[in-house]
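Go by the hints and put chains B and C onto chain A.
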Amino acid sequence: MRGMSPIVQNMARLVMGFVLIFGLYIASSGQDAPGGGFAGAVIVLACVVLGVLAFGGEAAKELIAEHRCQMFAAVGALVFLAVAPAGLWAVRYFGENQLPADSPFRQTLRHLGPLLTDLSLAVQVGAGLVGIFMALVIATRRAMPKE
Amino acid sequence: MTVELLVLLLTAFMFLAALIAVETSDLLSAVICIGAAGFALCVIDLLVGAPDLTFPQVVVEVVTLVLLIRMIMTRQDTSRQTPRDTLRTAVVLAAGGVLLVVAFFAFGGLGAKGSVPPFGQPPMVQSDASLSAQYINGAQRDTGAGNAVMGILMEYRGYDMLGQAALIFAAILGGFVILRKVGRKRGESEDQA
Amino acid sequence: MGIAIYMMAFGLLLVGLYALVAKKNVVRIIIGIAILDYGINLLLVLMGYRHGGSAPILGKGETTAQLAARSVDPLPQVMVLTNIVVELAMVVVVVALAIRIYDRYGTFDMNDIRRLRG
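Protein chains in written order, with my numbering: chain A, 1 to 147; chain B, 1 to 193; chain C, 1 to 118.
These are calculated hints, taken from the structure and not from any lab test.
Source: prediction; values computed, not measured.
Yeah, the Cβ is synthetic: ideal placement off N, Cα and C, and Gly gets one too.
Please note that a few of the clues may not be correct.
[To be verified] Residues from chain A shown here face chain B by an in silico Cβ test under 7 Å; the list is partial:
id : residue
1  : GLN31
2  : ALA77
3  : LEU78
4  : ALA135
For reference, chain A alone in the conformation it holds in the complex:
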């Protein structure tokens, strides 16, 4: 897939960073506002789609390696899997009643768990979908008729 005109490329270069930050914000603020890990992940995916459309598949392929995406997806899944036992351990270790309910430590813990879950989910889903999108772009390019 070839890239588009320089105007589109410059605009994409300007916008992509903001889209990425917006995706991360959505992923990390799901507890009190609309959003969450899934939504953040797909917004990050939209950023990559924009980049591929503007700069072409070749440039994007140099930036994002497939095996790296697979690695990130696996790491996200593992972190997601690890958060639940970690939460259980924290509750058992520190106890429900040893610290007052409004102590900053418990407040942090209470917010850290969902935040970690959300972010790991975003990493897993986002990296997996980005990798598979790149694989699909490469697959579609190979079947292009010769011009």
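Chains B and C only, in chain A's frame:
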């Protein structure tokens, strides 16, 4: 009342767009019609108070559209216009008719006592003992989440979420396997494949 | 009016079913899968709606009792939220399969593919 009217119109629009997508002869217009139906669904989500669903739905819509259009534009559609398969169409129409009639009475049409709560009155409105009412009453206290949807998704139904994540992981891995260029042989490293 | 909305959503499901069963083009089958997903999402979200309800997000200084008195049902939304991403993963897998089919047989038509095999 106006919200319901809007939802009805948008649902009818989705129905028509889906029908055109299935029946039109050009694949590209079919894909664009499916995109129209999806964006109508996003608007319905906003109208019925589900902003959580709108973000993912919009982006999923865009990505699906890009993928399908790429797939169609880079490949020639050589399929001929085959006559409609009458048997299968008849079977689907008959089954659909039965399903519609059953659904009509299950949703309480013609004053029948429906087994599904009527539109606009989910079970949580009728009793405080329902699951949703308990979730929404306890969400702030139990999970500290102001957004009840995320509270249920991540905390009350965390194991549900875990299974869901495993499912997505498996689907993505399956996609990678399908798209791999050459099957790797036993004992062969990745570089040679 | 509620019953009309529900029937429309069911019609959407039926259109998807029809595309899955009666169509011979691989792209149309993918479209049928997508329409089925839309129908299910729509039906679930509509079942959670309440008259004049708003999003189940706690406002500033609002108590949970007030929230429960005004918000729509959050449980169906949770189901749909997970379904949307699963749907995307599924569409990606099916598109990958269709690309593989085209690379191998050079067509999207199920009739031709079957004929070429035998």
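Practice prompt. Hints the structure violates: just list their numbers, smallest first.
Written response: Violated hint (a single one): 3; every other hint is consistent with the structure.
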